[in-house]
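Sequences are here, hints too, so could you generate the full structure?
What follows is each chain in one-letter form.
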Amino acid sequence: MIEWLTMVTWSPYVAGGGIGLLCCVAFLLSDKPLGCSTAFARTSGMLEKSVRGNKTLDKPYYKKFAPEIDWEWMLVLGVIVGAFISAILSGAFRILWVPEEWMQAAGYSVGIRWGTAFVGGALIGFGARWAGGCTSGHGISGTLQLVVSSWIAACCFFIGGIVVAMLLFRVVLGG
Amino acid sequence: MFSNLHADKSRQLLIGFLIGIGFGFLLQKGGVTDYNVIIRQLLLEDFTVVKIMLTAVLVGMIGVHLLRSFGLAKLHPKPGSIGTTVIGGLIFGAGFALLGYCPGTVAGAVATGALDALFGGIVGILVGAGLFAALYPRLESGILRKGEFGAITLPDLFKVNAWVVIVPVVLLIIGLLWAIERAGL
Chain A
0 MIEWLTMVTW
10 SPYVAGGGIG
20 LLCCVAFLLS
30 DKPLGCSTAF
40 ARTSGMLEKS
50 VRGNKTLDKP
60 YYKKFAPEID
70 WEWMLVLGVI
80 VGAFISAILS
90 GAFRILWVPE
100 EWMQAAGYSV
110 GIRWGTAFVG
120 GALIGFGARW
130 AGGCTSGHGI
140 SGTLQLVVSS
150 WIAACCFFIG
160 GIVVAMLLFR
170 VVLGG
Chain B
0 MFSNLHADKS
10 RQLLIGFLIG
20 IGFGFLLQKG
30 GVTDYNVIIR
40 QLLLEDFTVV
50 KIMLTAVLVG
60 MIGVHLLRSF
70 GLAKLHPKPG
80 SIGTTVIGGL
90 IFGAGFALLG
100 YCPGTVAGAV
110 ATGALDALFG
120 GIVGILVGAG
130 LFAALYPRLE
140 SGILRKGEFG
150 AITLPDLFKV
160 NAWVVIVPVV
170 LLIIGLLWAI
180 ERAGL
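Here the protein sequences line up with chains A and B, keeping their order.
Residues in the first sequence are numbered from 0 upward in steps of one, following numbering that gives the first Met the number 0.
Residues in the second sequence are numbered from 0 upward in steps of one, following numbering that gives the first Met the number 0.
In case anyone wonders, no lab produced these hints; they're calculated from the structure.
Worth double-checking, as some hints may not be accurate.
Once the Cα atoms are required to be at most 25 angstroms apart in a straight line, the calculated DSS-like pairs of lysine-lysine come out as [what the hints assert, rightly or not]:
#1 A:K63 - B:K145
#2 A:K62 - B:K145
#3 A:K63 - B:K158
#4 A:K63 - B:K8
#5 B:K73 - B:K158
#6 B:K73 - B:K8
#7 B:K145 - B:K158
#8 A:K62 - B:K8
#9 A:K31 - B:K73
#10 A:K58 - A:K48
#11 A:K48 - B:K8
#12 A:K31 - A:K62
#13 B:K158 - A:K58
#14 A:K31 - A:K63
#15 A:K62 - A:K48
#16 A:K54 - A:K31
#17 A:K31 - B:K8
Since the model is a prediction, treat every value here as computed from it, not as a measurement.
Below, the structure is given as structure tokens:
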């Protein structure tokens, strides 16, 4: 058991099967699909509220998704804790400035990597709320419910992702 | 059966947190809190992300629909339109490639010590989500309404029992996974 918990990686089929079971538990105990992106929208609203005050709450989007802690917000907090426990148990926790694949293609360029990550993050935050979900909300929870919009969204996530990753790594960075 | 539990807000927050711990643990153990694994997926060199997602969908699809057959779960389909789902999905995809994490795995990556996920990714996602909230009134009346198809599932669309769709999708997923393994990816 301990050896299993300290293993660096599990088979993707075990990890994926476990996530599928968690989806079932979430439907049973909470009547909710797993999803991560609204927690970011709510947090953004909470931060804006702390600067601009209650005017923030007048925005139509925050009337739909109130800037407050909810089930999904706690889920994302749990993801941070769970990944931390897993990384500590397997000795995989380490401070990382620039990931390996990036370094091989673009060198040890902290500023460029973080800037690219920021632009990517902004597109993800914007695109996830535009599409109404992310890789978990649409990509896993929506597709497993056989939702039409989620299957289309999941395909578009990967089409956009593959095209831009190929352009970035094969053309721009020339790796 | 669990409607009292569903209505209990504080216990729900605790359940959400506990499920999140399991989710984060599995994402890290599966290897997808690592930028390298995700970017190699998008470069079609490593299929860990697709294997995890397809297995999760396979197990979750059968499980949730079984629960539903016993009256223990309700579906929550999200609405969509060409304007929302396709355009938003492609914007998300572009961001996915530049960041190398998605909203769930970026949270997990931060917890394994990835500073690009924290200072680039999390900050960026918060800015992007805030920007969407600011532009929402203008988008909502225009582009987001283009080509609406509503909150429907594939069985609704084909007007069949859910299992008529589940069985071929299960076979398709198993076939895809088999092909990926056979190709040595």
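A quick look at each hint next to the structure:
no.: 1; hint: A:K63 - B:K145; verdict: 20 angstroms, holds
no.: 2; hint: A:K62 - B:K145; verdict: 23 angstroms, holds
no.: 3; hint: A:K63 - B:K158; verdict: 31 angstroms, violated
no.: 4; hint: A:K63 - B:K8; verdict: 18 angstroms, holds
no.: 5; hint: B:K73 - B:K158; verdict: 18 angstroms, holds
no.: 6; hint: B:K73 - B:K8; verdict: 19 angstroms, holds
no.: 7; hint: B:K145 - B:K158; verdict: 24 angstroms, holds
no.: 8; hint: A:K62 - B:K8; verdict: 19 angstroms, holds
no.: 9; hint: A:K31 - B:K73; verdict: 9 angstroms, holds
no.: 10; hint: A:K58 - A:K48; verdict: 11 angstroms, holds
no.: 11; hint: A:K48 - B:K8; verdict: 23 angstroms, holds
no.: 12; hint: A:K31 - A:K62; verdict: 20 angstroms, holds
no.: 13; hint: B:K158 - A:K58; verdict: 38 angstroms, violated
no.: 14; hint: A:K31 - A:K63; verdict: 17 angstroms, holds
no.: 15; hint: A:K62 - A:K48; verdict: 13 angstroms, holds
no.: 16; hint: A:K54 - A:K31; verdict: 30 angstroms, violated
no.: 17; hint: A:K31 - B:K8; verdict: 13 angstroms, holds
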